[in-house]
Amino acid sequence: MRFVGSADYVATEDLKLAVNAAITLRRPLLVKGEPGTGKTMLAEQVAATLGLPLLEWHVKSTTKAQQGLYEYDAVSRLRDSQLGDNRVQDISNYIVRGTLWQAFASETPVVLLIDEIDKADIEFPNDLLREIDRMEFHVYETREMVRARHRPLVFITSNNEKELPDAFLRRCFFHYIRFPDRETLAQIVEVHFPGIRKELLREALEAFFEVRDTPGLKKKPSTSELIDWLKLLLAEDISPEVLRSKDRKTIIPPMHGALLKNEQDVHLFERLVFLSRQSR
Amino acid sequence: MLIDFFLTLRRHRLPVSLKEHLMLIEAIRDGIIGPDIDAFYLLARAALIKDESLYDRYDLAFAEYFKGVQALTGLTADIPLEWLRRQAELELTPEERAQIEAMGGWEKLMETLRKRLEEQHERHQGGNRMIGTAGTSPFGAFGFNPEGVRIGQDASRHRRAVKVWDQREFRNLDGTAELGTRNIKVALRRLRRFAREGAADELDLEHTISGTARNAGLLDIQMRPERRNAIKVLLFLDIGGSMDDHIRLCEELFSAARSEFKRLEHFYFHNCLYEHVWKDNRRRLSERTRTVDVLNKYGHDHKVIFIGDATMSPYEILQPGGSLEYANEEPGAAWLKRVLDTWPRTVWLNPEPEELWGYRQSVAIIRDLFKGRMFPTTLQGLEQAMKVLSR
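Protein chains in written order, with my numbering: chain V, 1 to 280; chain Y, 281 to 671.
There could be a bad hint or two in this list.
Unchecked claim - Under the rule of at most 35 Å between Cα atoms (straight-line distance), these lysine-lysine pairs were calculated in the DSBU-like manner:
{"#": "1", "chain 1": "V", "residue 1": "K219", "chain 2": "Y", "residue 2": "K667"}
{"#": "2", "chain 1": "V", "residue 1": "K32", "chain 2": "Y", "residue 2": "K299"}
{"#": "3", "chain 1": "V", "residue 1": "K220", "chain 2": "Y", "residue 2": "K542"}
{"#": "4", "chain 1": "Y", "residue 1": "K667", "chain 2": "V", "residue 2": "K64"}
{"#": "5", "chain 1": "V", "residue 1": "K162", "chain 2": "Y", "residue 2": "K667"}
{"#": "6", "chain 1": "V", "residue 1": "K162", "chain 2": "Y", "residue 2": "K559"}
{"#": "7", "chain 1": "V", "residue 1": "K119", "chain 2": "Y", "residue 2": "K512"}
{"#": "8", "chain 1": "Y", "residue 1": "K542", "chain 2": "V", "residue 2": "K119"}
{"#": "9", "chain 1": "Y", "residue 1": "K512", "chain 2": "V", "residue 2": "K64"}
{"#": "10", "chain 1": "Y", "residue 1": "K299", "chain 2": "V", "residue 2": "K119"}
{"#": "11", "chain 1": "V", "residue 1": "K16", "chain 2": "V", "residue 2": "K218"}
{"#": "12", "chain 1": "V", "residue 1": "K261", "chain 2": "Y", "residue 2": "K542"}
{"#": "13", "chain 1": "V", "residue 1": "K261", "chain 2": "V", "residue 2": "K219"}
{"#": "14", "chain 1": "Y", "residue 1": "K542", "chain 2": "V", "residue 2": "K32"}
Keep in mind the hints are simulated off the structure, nothing from the lab.
For clarity, every value in this text was computed on a predicted model and none was experimentally measured.
Next comes chain Y alone, as it looks inside the complex:
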């Protein structure tokens, strides 16, 4: 029986391993819990889930395994669409609503959901894991979460108490949440690569000792260079215009990066990269740096991070003279390609919610140029970006 439970968790992309599963079974065999579902919920969580940001996903998986099915079939039967929609308006965040919109609105969504349920019902008569495929279905796209909440409350109509896992108290800890300075620092630390370079100015005690021992007790002092984070980072920040909404986030990101990397250079640009970048936004017209110089000055081993919402008219990227501010001879795309050729480790961080990217043509173009290396500025996105950079 627990094999199915294990597989349900795996399907919800929870990183549970066989070893942990065996540990859980061992714990049950040793009689740590009685026949009590609440206790099982806690025990399985302690044994299988090792990250509080996954608790929410675990709650969903648990709910699905233990009762998702009956509740969902009830949905096709008699829940009025009107009620559902009103609830959704109360409960959903703007991004979630945007996603639903993207799928063709609520009618469309409910229609699909109903159809899917009917299909599945026919396929396994009285079956038990029907919404299993939901992980890849459109409902999975918004984390199943509007339904998850709704269905849980619907169940209480049948005088069933709302369970812990239906309360979803750990939602805030999910890794897709927005960033704080501390979180950013933690994520940036993935980019650490310590190395000893430069002048030997630190006493190497261990080698001095072994060297002295080998010298039969005559002191043999060994020196070595200090251990530093050897990563070199170039930061390109989009500034002004539509980026004004994200100023706080950029500030946080910037201050975190400042304290994390010793060798960090930053440049500003507006909307798209052209002939010039600048280092001080107040003197952006008088003290500009030619992009060519930047390209030539910093070596291939620099990691490059672009931060911008990539929201502009496609002309600004693709057409010569498309810039908002002056007549550029070459299109922004040419400059971006040059950057990508010079520094193979380059990513683009986009502070706009990922769900909205689909509506902006320019985002798609830049994402294409960057070969998909565009990430949202959530904790998860930042970690993915750092992984790409440190490869």
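The following block holds chain V by itself, in its conformation from the complex:
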């Protein structure tokens, strides 16, 4: 199995190498990077190109590690017992499998995405150490050991909100997705809008990087914002000429609301544009 990128996803050399190392050794790959650089997309694309099913586990601040393994549905068992249902005799009827168990039990190897692991409690990764390392866990209620038939390909994304414990990090490969450079970005746009006019793309990228380079922005526009913005530009059929005058820093690019998501940022940007207009 080897990941070579796909028609819908532009993967840089270093990313491919990290993915392949993780796939070959069947170790989890931890992916970090600016928001909107395609961390979550990566797992989807790997699953699609390798033809494997994808299981997703989206982590929230209230997520517990145990929920990924299994949950014991005590409430329905209690109800069944009061209604005299026969199912109540067998406790395994009330064990609800979590994402990790599903991945372990699958007949074929699967891609498992643990999305935004840093959102959960600080102990969350520690609680998963053994499960990720040995790919097995014990179900207390049924005294049963669950082992993975095939080690799943685990992709973990993090936004750096919390530091992950060293013991956890030691078990993973790590890749930091950098913000793409101009060529990569042009490739990415090509993938999303095949046959986009070269002129428009060049001018739009020019304008985009100019906005991105504005000092003091609270939230820099990322790839996904660029894609949205281009979508708008195409829908409104804006000509490259309108964007070009932007080079002189005197007008605000059309639909800039798609690029700047923060009121203060918009305000700052507009003020800078007015300033440079006055100084002309």
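Position chain Y relative to chain V; hints supplied.
For chain Y alone, coordinates are given in the frame of chain V:
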């Protein structure tokens, strides 16, 4: 061979473990990469380095291991001092320049560097890891970075391409960089200690279920208090005077702390702590709080953070009547000692770059009073401070 590589990384204070090293060797054995140094660079990084803020340090270590040596010996031979100095002026930040100044200027620095190289050259003839000791040498003090850059470019004179690790593109991600609000929040989160205190006003579902089960199905409702961050923080902010340069940083720090801690109290002082502190800077003369009252009111379990540049004349700390604003009966040092006695968990955050601390006598005095618990307001410094506080 890779053992040396591993040790080089360790020497550069990169937290690589044996387990990760074995993982790297396993990956190489499985033929993930061909005999290609660029691929090895990427693979080793993916396997060993788990934090993008360490990428820059990794680049340096990698460069050192693979070719630092030849390039450095070239330096003793024929690089004109003049050229080097001019380059440095173009490339170095003011802090870096200040450090070099502190070492006795460029001549001194180059002299030391040369001497060191000669010594080492004699010690291991044709040896290979000579600048290994640089980690602890004065060059290490400024992260080896001016040379690192220079030497990399020097190498291209010999028609060698500049490698990825010489470009040092991850420099900005280094943990010693300045702070942004989000970074501050992340750092402050280390101080979280959740606890359930106060009135029981939340339904404890799990215990209700198990209690009900134990009651053979009769409902047994259990309540518990809400889970809150139990940390209590007192913030003392230096305001006015030389602190004006750092207002933005203080604002950011303050707003981040506000949203992170529910039980946060703040007070202002000017330069050094004396009889009075105040809560609103506009009414600093009319609405003052006596420091004694603050000391008595807040319990020993408060964590205390001072933010100030600690830059003043030593008299302001040590002499009675040394204050700029009024005749204080007791020296500032006495008040600071009282604070340290009342709240053992106290740190001082200094927004001035750490390299400049050495030039200010008052910084040294306060640092001494705080038993070394003064930290710069970089991400690293803040994390260290939080570690001390949460101990």
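Any of the earlier hints contradicted here, and which numbers? Failing hints: none at all.
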